[in-house]
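A.B. asks: Sequence:
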Amino acid sequence: MDTGLIHAYLLDGKGGGRPLSWDEARAWTPSDGRLWLHFDYTDPVARDWISSNAGLEPLVAEALLTEETRPRTTSIGDGLLIALRGVNLNPESQPEDMVSIRLWVEEARIISTRKRQLLSVGDLCRQLDAGRGPETCADLLVELADLLVWRMSDTVDSFEDTIDELEDRVVAGASSTLRFDLAMLRKQTITLRRYLAPEREALARLMVEKVGWVTEANRIRLREVSDRLLRHIEDIDAVRERAAVTQEELMSRISEQLNSRMYMLSIVAAIFLPLGFFTGLLGINVGGIPGSENPHAFLIFSVLLVVTVAIQLLVFRWNKWL
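Position in the sequence shown (first residue = 1) + 205 = the working numbering.
It is worth saying that the hints were derived from the structure and are not from the lab.
Hints are not guaranteed to be accurate.
So the derived label-pair ranges between C-beta atoms look like this [to be verified]:
#  : residue 1 : residue 2 : range
1  : Thr382    : Asp442    : 20 to 26 Å
2  : Asp373    : Leu264    : 51 to 57 Å
3  : Arg458    : Arg428    : 41 to 47 Å
4  : Glu453    : Arg433    : 27 to 33 Å
5  : Ile281    : Glu421    : 19 to 25 Å
6  : Gln322    : Gly282    : 29 to 35 Å
7  : Ser460    : Val508    : 40 to 46 Å
8  : Ser363    : Arg466    : 35 to 41 Å
9  : Ser460    : Asp373    : 17 to 23 Å
10 : Ala422    : Asp253    : 33 to 39 Å
11 : Arg337    : Thr271    : 31 to 37 Å
Cβ atoms here follow ideal geometry from the backbone N, Cα and C, with glycine treated the same way.
Turn these sequences into a full structure, and let the hints guide you.
C.D. replies: As structure tokens, this is what we get:
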């Protein structure tokens with residue numbers, strides 16, 4: 206039976222977790238231990254259970270099932286409603302298309318929902334399977350936040366490597382696809398920055414929420430996670446600024462090249478303008494054209510044109526136009 210339950214773990218309080226079936230998860234009571242339920246919220250069975258049978262307030266259930274969400278932390282009673290996002294590291298996906306996860310965290314139970322796969326959740330499951338995972342629900346929340354931020358490191362590093370390469374290409378003059386690459390990088394960093402700033406606010410709010418089951422050790426570790434996220438945000442801002450400067454430099458180089466070509470065309474046009482005037486004047490079909498009866502007239506006229514070009518070049522050189 207497809208229930209929308211991705212996995213259910215009963216924490217043993219020692220860093221491990223025992224997977225539960227759907228029937229075992231539904232029969233769970235707080236006296237059994239700490240429970241983590243992870244759902245695909247697009248499944249109708251999961252939506253119905255969360256809305257009607259999970260014992261949640263309507264506001265909480267609606268937040269766990271909503272399609273669009275912004276990173277946030279909200280205290281409701283003795284529980285925390287949290288929405289976080291992680292970079293999209295799924296195949297054929299863009300990192301800035303971030304994957305959201307919604308969590309309702311109580312002292313003895315966590316209910317989390319998602320639509321797309323989040324690799325940080327898989328990392329957490331492997332820790333539980335190996336007996337090296339969190340011991341409490343608060344530990345699990347902090348560990349998940351840590352993994353989400355840790356997974357961002359490679360993406361931020363790749364942005365820095367990309368801008369280094371683009372700057373080198375601008376210096377080398379290889380600008381065939383530079384404008385597109387720079388625009389794509391700026392789009393990625395702006396989109397990622399849009400979600401990371403509220404995510405840091407959510408972590409900061411989580412550190413100050415007055416819930417008894419979040420220990421001081423949890424708050425200290427959350428502060429470290431928040432500081433690491435801040436460094437990622439600063440690195441992304443630096444990449445975005447470098448991309449803007451690089452794009453300005455590229456446009457300046459393109460403008461210089463265009464001006465140089467237009468200048469050369471102007472010089473050529475200025476040289477041929479009087480030549481065209483003379484040849485047009487002597488090419489009209491009316492009587493009395495000078496030299497029409499002289500067999501040396503064409504040679505004399507050609508020499509005059511050459512002399513005219515030479516005089517123009519001297520004038521241009523004198524005025525430092527060449």
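A.B. asks: None of the hints should be skipped; say for each whether it holds.
C.D. replies: So, going through the hints one by one against the coordinates:
1. Thr382 / Asp442: 20 to 26 Å: At 25 Å between Cβs, range holds.
2. Asp373 / Leu264: 51 to 57 Å: 52 Å, holds
3. Arg458 / Arg428: 41 to 47 Å: For Arg458 and Arg428 the Cβ distance comes to about 45 Å; the hint holds.
4. Glu453 / Arg433: 27 to 33 Å: 31 Å, holds
5. Ile281 / Glu421: 19 to 25 Å: 22 Å, holds
6. Gln322 / Gly282: 29 to 35 Å: Since Gln322 and Gly282 have Cβ atoms about 31 Å apart, the given range 29 to 35 Å holds.
7. Ser460 / Val508: 40 to 46 Å: 41 Å, holds
8. Ser363 / Arg466: 35 to 41 Å: 36 Å, holds
9. Ser460 / Asp373: 17 to 23 Å: 21 Å, holds
10. Ala422 / Asp253: 33 to 39 Å: Given about 38 Å between the Cβ atoms, the range holds.
11. Arg337 / Thr271: 31 to 37 Å: 33 Å, holds
Of the numbered hints listed earlier, not one is contradicted by the structure.
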